[in-house]
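Peer 1: Sequence lines, in order, name chains A and B. Per the numbering used here, the first sequence starts with residue 162, numbered consecutively. Per the numbering used here, the second sequence starts with residue 162, numbered consecutively.
To be clear, the hints were calculated from the coordinates, so they are not data collected in a lab. It cannot be assumed that every hint is accurate.
Since copy identity is lost for identical chains, a pair holds within one copy or between any two.
Below 25 angstroms or equal to it, Euclidean Cα-Cα: the simulated SDA-like pairs (lysine to any residue) are [claimed, not checked]:
#1 Lys166 / Asp192
#2 Lys303 / Phe200
#3 Lys303 / Asp202
#4 Lys166 / Leu218
#5 Lys303 / Arg205
Values in this document were obtained by computation on a predicted structure and should not be read as measured data.
In case you want the letters, here they are:
Number of protein chains: 2
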Amino acid sequence: MDTEKFSAGICPVARGALRTGDMWSMMILRDAALGITRFDDFRRSLGIAPNILTRRLGDLVKNGLLERRRYSERPPRDEYLLTACGRDFLPVLNALGQWGRTWFGEGALSELVEAGTGRVVEPAVVDRATGQPLAAMDLRVKLPG
Amino acid sequence: MDTEKFSAGICPVARGALRTGDMWSMMILRDAALGITRFDDFRRSLGIAPNILTRRLGDLVKNGLLERRRYSERPPRDEYLLTACGRDFLPVLNALGQWGRTWFGEGALSELVEAGTGRVVEPAVVDRATGQPLAAMDLRVKLPG
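Just chain A, same shape as in the assembly (with noise of 0.2 angstroms):
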């Protein structure tokens, strides 16, 4: 993949899916989102190999959406944070398995709830400006320039 092409290219879909178009990518993301931090954590939760594991992190840690941080000198261990364009990122995410839950839901399925209140969340991809559901509009794409 020229990924030269991607990462700076006009399209901006392409910015953000080199950076997390990652099955792994995500679903490390959507495990530190629920509060894992570390290496082993990460592991179990997912079964992934380690060397994967590592890889993907470091490339979550270069492109900013991780940061490492050292928790154990001896022996030397570090954690993984979610930072600010991590967490950002977690709408996406949600949006994602709102999709995942419209059309490959069958079965038992966990749910996004308000904290407070336990209320069932149901994310949906709007026109900022409008509050309208972007599947509802005729949307083009313009070119810089």
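Please build the complex by placing chain B on the supplied structure of chain A, with the hints as guidance.
Peer 2: Just chain B now, with coordinates in the frame of chain A:
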């Protein structure tokens, strides 16, 4: 990857990511949203190797996001059209694009605009019931049962 664990597990994010969590798949869906339907046009637009494109298109058809339709019998040629499931994924892609724009938006970028008016549209992920941005909410994940 234990795809069974993710495809039928309790996490709707995993179910969604498994069907789309790949840079190439997301770029193919983006191009499909822009009106591209044919193999050679996807190939040229993305600079993707033919064998990878064949595999990704096949996966997107298998997962129900694209529909394969024969448009020429001699020589045999298929085109690929977004299904209702694939179209319903586009707002997720747009939310991803908004995140890419926010965090990796240096230089020239294409814009999402309303077809009739040309007004720039800024995708936001909100709670469908209240319109509140998910980023501003305190959310939990409730396990089934």
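Peer 1: Is it within, between, both, or neither for lysine 303 and arginine 205, if the alpha carbons may be no more than 25 angstroms apart?
Peer 2: So lysine 303 and arginine 205 pass the 25 angstroms test across copies only (20 angstroms; inside, 44 angstroms).
Peer 1: At 25 angstroms max between alpha carbons, let me know whether lysine 166 reaches leucine 218 within a copy, between copies, both or neither.
Peer 2: For lysine 166 and leucine 218, the Cα distance is within 25 angstroms both inside one copy (23 angstroms) and across copies (21 angstroms).
Peer 1: Could you figure out if lysine 303 and phenylalanine 200 sit no more than 25 angstroms apart (CA to CA) within one copy, between two copies, both or neither?
Peer 2: Between copies, since 24 angstroms is at most 25 angstroms while 42 angstroms is not.
Peer 1: When no copy is specified for lysine 303 and aspartate 202, does a C-alpha distance of 25 angstroms or less occur within a copy, between copies, both, or neither?
Peer 2: Between. Shortest inter-copy distance 20 angstroms satisfies the 25 angstroms Cα cut-off; intra-copy 43 angstroms does not.
Peer 1: For lysine 166 vs aspartate 192, is the C-alpha pair at or below 25 angstroms within one copy, between two copies, both, or neither?
Peer 2: between (30 angstroms within a copy, 15 angstroms between copies)
Figure legend: structure checked against the earlier numbered hints; every hint is met.
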